[in-house]
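Novice: Here is what each chain is made of, one letter per residue.
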Amino acid sequence: MAIILGFVLAVVGFTLGTGVLGGIRVSMGLEYWSTDLSWTIGYPFALLGWLAGVGGWKYWATEWFGGTAAQTPKGVKRYFEWNMDHKVIGVQYGVTFVALLLLSGLAAMGIRYELMQPGMQLFTQDQYNAVMSFHGIGMVAVAVAIMLGAFGNYVVPIMIGAHDMAFPRVNALSYWLVPPVAIMLVIAVIMGGWDTGWTAYPPLSVLNKSGQVLFNLAVITFGLVSILGGINFIVTIVYERAPGMTWGRLPIFVWGAFAGSLIAFFFTQGFAAGLIMILLDRVANTSFFHAAEGGSPILYEHVFWFYSHPAVYVMVLPAFGAVLEVLSHMSRKPLYAYKWVVGAMLGIVALSGVVWAHHMFTSGMEDYLHAPFLVLTEMISIPTGIIFLAAIGTIWAGRLWMRTPMLFALAFIFNFTVGGLTGIYLADVPTDIHLHDTYFVVAHFHYTIMGGEIFALFAALYYWFPKMTGREFNETLGKIHFWLMFIGFQLVFIPMFQVGVKGMNRRVADYPDAYADFNRFISISGFVLGSSFIFFTANMILSWVKGRRAAANPWHATTLEWQVSSPPPEHNFEGTPVIESGPYEYGVPGAPKHAHIGPASAEHA
Amino acid sequence: MSTLNSAAEQVAQRRGLMVFLALAVLTVIEYIVAVSLDSVPVLVALLAVAAGAKCWAITVYFMHVSKLWRGEEAH
Amino acid sequence: MSRHVMIVGVLWVFFTALALAGAAAMNPFPTVGAEEAEFSDHAFRIMTFMGAPVFGFVIAALVYNIARFRSSGQPSEDGPPFKGGGMIPRAWLGVTTALAVVVMIYPGLTGLAEMRSDRSYDLEVNVTGYRWSWSAQYPDGEFTSNEIVLPKDQRVRFNVTAPAGDVLHSFWVPAFRLKIDAVPGQTNYLWITPTELGDGANDAAFRVQCAELCGLNHAGMRMNVRVVEPDEFEAWVAEKAGN
Amino acid sequence: MAATATLPHGREVDSSHAARRVRINRLGLWLFLASDGALFALFAASRFYIAGTAISPHLNQLLGLGITSLLLLSSFTAYRAETAFTHGNTSHGRMMLLATVLMGLMFFGGVVYEWSIAEFSPSEAYGTAFFSMTGMHAFHVVTGVFFLLLMWARSGDGKFTGGTNAWPIAAAVIYWHFVDVVWVFFYPTLYLLK
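Protein chains in written order, with the numbering used here: chain A, 1 to 605; chain B, 606 to 680; chain C, 681 to 923; chain D, 924 to 1117.
Hints in this document: simulated from the structure, not taken from any laboratory.
One thing to keep in mind: the hints can contain errors.
Said to hold, decoys possible - Under the rule of at most 16 Å between Cα atoms (straight-line distance), these lysine to aspartate or glutamate pairs were calculated in the EDC-like manner:
#1 832(C) with 876(C)
#2 593(A) with 580(A)
#3 209(A) with 126(A)
#4 832(C) with 912(C)
#5 832(C) with 911(C)
#6 832(C) with 914(C)
#7 763(C) with 585(A)
#8 74(A) with 570(A)
#9 1117(D) with 643(B)
#10 832(C) with 758(C)
#11 1082(D) with 63(A)
#12 593(A) with 758(C)
As the list claims (entries may be wrong) - DEER-style ranges, computed between Cβ atoms:
#13 343(A) with 674(B): 46 to 56 Å
#14 343(A) with 626(B): 19 to 29 Å
#15 643(B) with 775(C): 32 to 42 Å
#16 350(A) with 1036(D): 54 to 64 Å
#17 675(B) with 350(A): 39 to 49 Å
#18 976(D) with 95(A): 43 to 53 Å
#19 697(C) with 95(A): 43 to 53 Å
#20 121(A) with 877(C): 30 to 40 Å
#21 29(A) with 1117(D): 50 to 60 Å
We put the CB at the ideal spot given by N, CA and C, even for glycine.
Next up, chain A with everything else stripped away, as it sits in the complex (with noise of 0.2 Å):
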């Protein structure tokens, strides 16, 4: 009901913001519609309207003006609106993700089969283009929303003891700006896409099509559902920490949500900065990027990059903090050398923000700059070093239980070894002059992110599953789904370093005939790759609606939100957590339990 009262009031905003635009703009004389400016006017209208009518107004922004907000409901229904509850939220981000993972996923199909053979076969190359560059604005969003939306909202206030984060309503708002990114994106792609990829560059995108005016607001719009994200995480950890949480005890996927929230809330203003240069461009005559009038195109590069290589981090650092996490549960040992890990993640944040340019050796940007983005990425390796030693000490002489969010967690290891490594060659500008824009970068970036951070999720997934949902997920198809996804993965990207090297450049409909074999095997070992996700979503579905009732702690994990049931009460928790040690004190002689559940004291009643 919610949703279709959104709706409307999305229609009614935005007709409302045409038409003022509109009758202002026949009383110049000029047409009514103008679909650039049109949209952009109308769209903040139709958000409002969205929001408003999702439950924004009812359980909040009518207290504004001397209202009383409502209560939200209970059951079921309250996953289909406005709710607050931070356990609701991530169900909402995980649902909503994993469901654009799999669009995108199905729009990755339809390129390779594109890019089976040479010439055009699925698509003209305008579809391909808009495809491709829908797969590619897609799979980022899911990279970087689904991690900190899912898992940091439902895990990270039940670790440190909150009874929720620290702002549930912005919260709830940040959840609910996700699905008009969704529709807008959609909406693009019936009008014809954009054929720009996820980067956006000018000048093509203030010269294409309106659907790039579609892409611009929806990733506005998604840029704010992460800075607020970011911001909520931030000041939850800093602030709802229960007593005898000292930073010290914080578990590892807390630190990895922490370091990625910093950067998701600072540099994420990259991205937004330079689409709306491009908006003003298109609607507002201006020449950031007109050569003509003084504007630069590589100005955009530097803005975009700015955010878009610590985009990087946000998706990863959190992915870090929960391979980091599983490794050691499942592995009962502490996790090794926890404070060089913390430091390790502080120390990417803090070089995040002064690496961009090397996505830009081939840009044309000034030669001095060079050396200095060269040495300050290749930097970057050390403390991700870090991240290494902690994951293989933790396995060490473990007790590995092999479980699916086991052989996930083992497999990013190997997956992001390859993805750090191929990383160095893009880094290093004798090579990366070659290698730029090619099948290599293709394939070294899914290495980090695909395997790397989706991997993760995976890990995160099925190891939080019996928490989330209350049911056990189906071992079997799981590991089917693992062993199909790691071996289709590996297929697929390995050939693509080779193709890439050869001279096959990247966001192509169309390849000269000598890369014909390449691209037919791996095409095949993509919809291997492909096949596995049908595995993945029935075990989701079919554990979910019947799968066995989970007990409070299958893994007889030693973190706070195995210690209450499955799912967790109302408000987290029945009593008041007290917290003795360090989260990871497997096998340690005389260490006090990490955490317990003590009886409700006046200050939580």
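Based on the hints, put chains B, C and D in the right spot on chain A.
Specialist: Okay, now just chains B, C and D, sitting in the frame of chain A:
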């Protein structure tokens, strides 16, 4: 203008006035420097210093940035 | 414990050798068509050579621990409580830092310096990228051509640009291993000395390929490249200029 | 009423639930401002990238100085408002809120007037910087005015008076100061260079 309630408020309000006067003086200096100087690097440096000082005064005295780490004062 | 370390050590050597053999067997490079290509491939090989032991170590540790310490059922006890203080993290940090510094300096910074060292040229070609085609202009002969013909062993400078009002393109010839963006309103330069005869008609490495997404026909934005003997080049220039 | 704790320096700090909540909100607000500030900073940096330090000779310098002074004065009245509310002086606080709103609107009017008389277009390099930066800033001025008006309308019954109760006022005022801080940098960037 309505009267001020307490001695504490008077102290605080007087401090605000002092900060405002300092900001106003800095702004006037900025303007004079800008119309009278020809060297761009020197001008940029001076303006950066002046703007930095104004930013510092506003964040510290008007926005109470220190309450971020010192907590709320009790009354 | 030392037995585990020893076995991992053996596996490390094994996987490193395997990685190196695999890299050697793949011979990933396209045709080497210029001095610059040898230079880039050399840097590539150096990094593969240095990366192989790192890769080998991680895989050795991973494989050994999975093989030796796996448990299909729920483990009945905790593992040994190593918390990772003391010398190991420090040593690790030292080694990874040293490796990073080495890669930064060689082939990184030294390579960068060498790439920039020679900016002389015998021949100049103006290259312009349009949506969606390339054009090459030979200033000496003052003619334009829709293929690039270069004399072997002569140093050429490409002046790469795109007209104001067009979009970004990128000038890339895989056989030469160099690329530079064609930016509207800005001219960027590439220096290349072709060392091998070649023709895009029978080797895809000898093609100009746009490497920056530029819209509809980005994939098809190619131009043929031919490297010929100097006298043949002179003849070609004379013929083109005569028309 | 309020629980207090004494720090080593002998300074008393409010540790009540309400004070805790204010502390949380305060950090959230500052993080938001830092993030927003990054956006402004990127636009300011872009100004130098595309137009160097050049300014248009057609700028009305006196108008620039005038609206700058106006915004600075409004920051002062905003400070007076917040201080009055925290010390329980609602009526003076509300008056100062109104004064701030008024000056904010006048500033906005000044920007609109300046846009209407500008003899340079947004398609020039400097014009691109000028119109985009002042436009973004003016948008923040309008939202700030909205928050201040909301606070004025809701503060009549005295529920924002004293200590932690005054947080909503303080939040709106901090936001207003932030808008002024942005202008502290934008004014020399856009008007005073050569």
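Novice: Now look at each hint and say whether the structure bears it out.
Specialist: Do the hints match the structure? See the list:
1. Only pairs whose Cα atoms come within 16 Å are accepted, and residue 832(C) paired with residue 876(C) is accepted, the gap being roughly 7 Å.
2. The suggested pairing of residue 593(A) with residue 580(A) holds, with an alpha-carbon distance near 7 Å, which does not exceed 16 Å.
3. At roughly 11 Å between alpha-carbon atoms, residue 209(A) and residue 126(A) fall within 16 Å of each other, so this suggested pair holds.
4. For the hint pairing residue 832(C) with residue 912(C), the CA-to-CA distance comes to about 10 Å; that is within 16 Å, so the pair holds.
5. At roughly 10 Å between alpha-carbon atoms, residue 832(C) and residue 911(C) fall within 16 Å of each other, so this suggested pair holds.
6. Of the supplied pair hints, the one linking residue 832(C) and residue 914(C) holds, its CA atoms being roughly 12 Å apart against a limit of 16 Å.
7. Among the hinted pairs, residue 763(C) with residue 585(A) is consistent with the structure: their alpha-carbon atoms are about 9 Å apart, no more than 16 Å.
8. Of the pairs offered as hints, the one joining residue 74(A) and residue 570(A) holds, with about 10 Å between alpha carbons and a cut-off of 16 Å not exceeded.
9. In summary, the hint linking residue 1117(D) to residue 643(B) is supported, as the alpha carbons are separated by about 8 Å, within the 16 Å threshold.
10. For the given pair, residue 832(C) sits about 68 Å from residue 758(C) by alpha-carbon distance, which is inconsistent with the 16 Å threshold.
11. For a cut-off of 16 Å, the pair hint linking residue 1082(D) to residue 63(A) stands: about 14 Å separates their Cα positions.
12. Among the hinted pairs, residue 593(A) with residue 758(C) is consistent with the structure: their alpha-carbon atoms are about 14 Å apart, no more than 16 Å.
13. Residue 343(A) and residue 674(B) have their C-beta atoms about 22 Å apart, which leaves the hinted 46 to 56 Å range violated.
14. Taking the beta carbon of each, residue 343(A) and residue 626(B) are about 46 Å apart, not inside 19 to 29 Å as hinted.
15. Residue 643(B) and residue 775(C) have their C-beta atoms about 56 Å apart, which leaves the hinted 32 to 42 Å range violated.
16. At roughly 45 Å, the beta-carbon separation of residue 350(A) and residue 1036(D) lies outside the given 54 to 64 Å, and the hint is violated.
17. For residue 675(B) paired with residue 350(A), a C-beta distance near 26 Å fails the hint of 39 to 49 Å.
18. Under the hint 43 to 53 Å, the C-beta atoms of residue 976(D) and residue 95(A), about 52 Å apart, fit the expected range.
19. Here the CB-CB span from residue 697(C) to residue 95(A) is close to 47 Å, well matched to the stated 43 to 53 Å.
20. Distance hint check: the CB atoms of residue 121(A) and residue 877(C) are about 35 Å apart, consistent with the given range 30 to 40 Å.
21. At about 39 Å, the CB distance of residue 29(A) to residue 1117(D) disagrees with the hint of 50 to 60 Å.
Hint compliance for this structure: hints 10, 13, 14, 15, 16, 17 and 21 are not met, and every other hint is.
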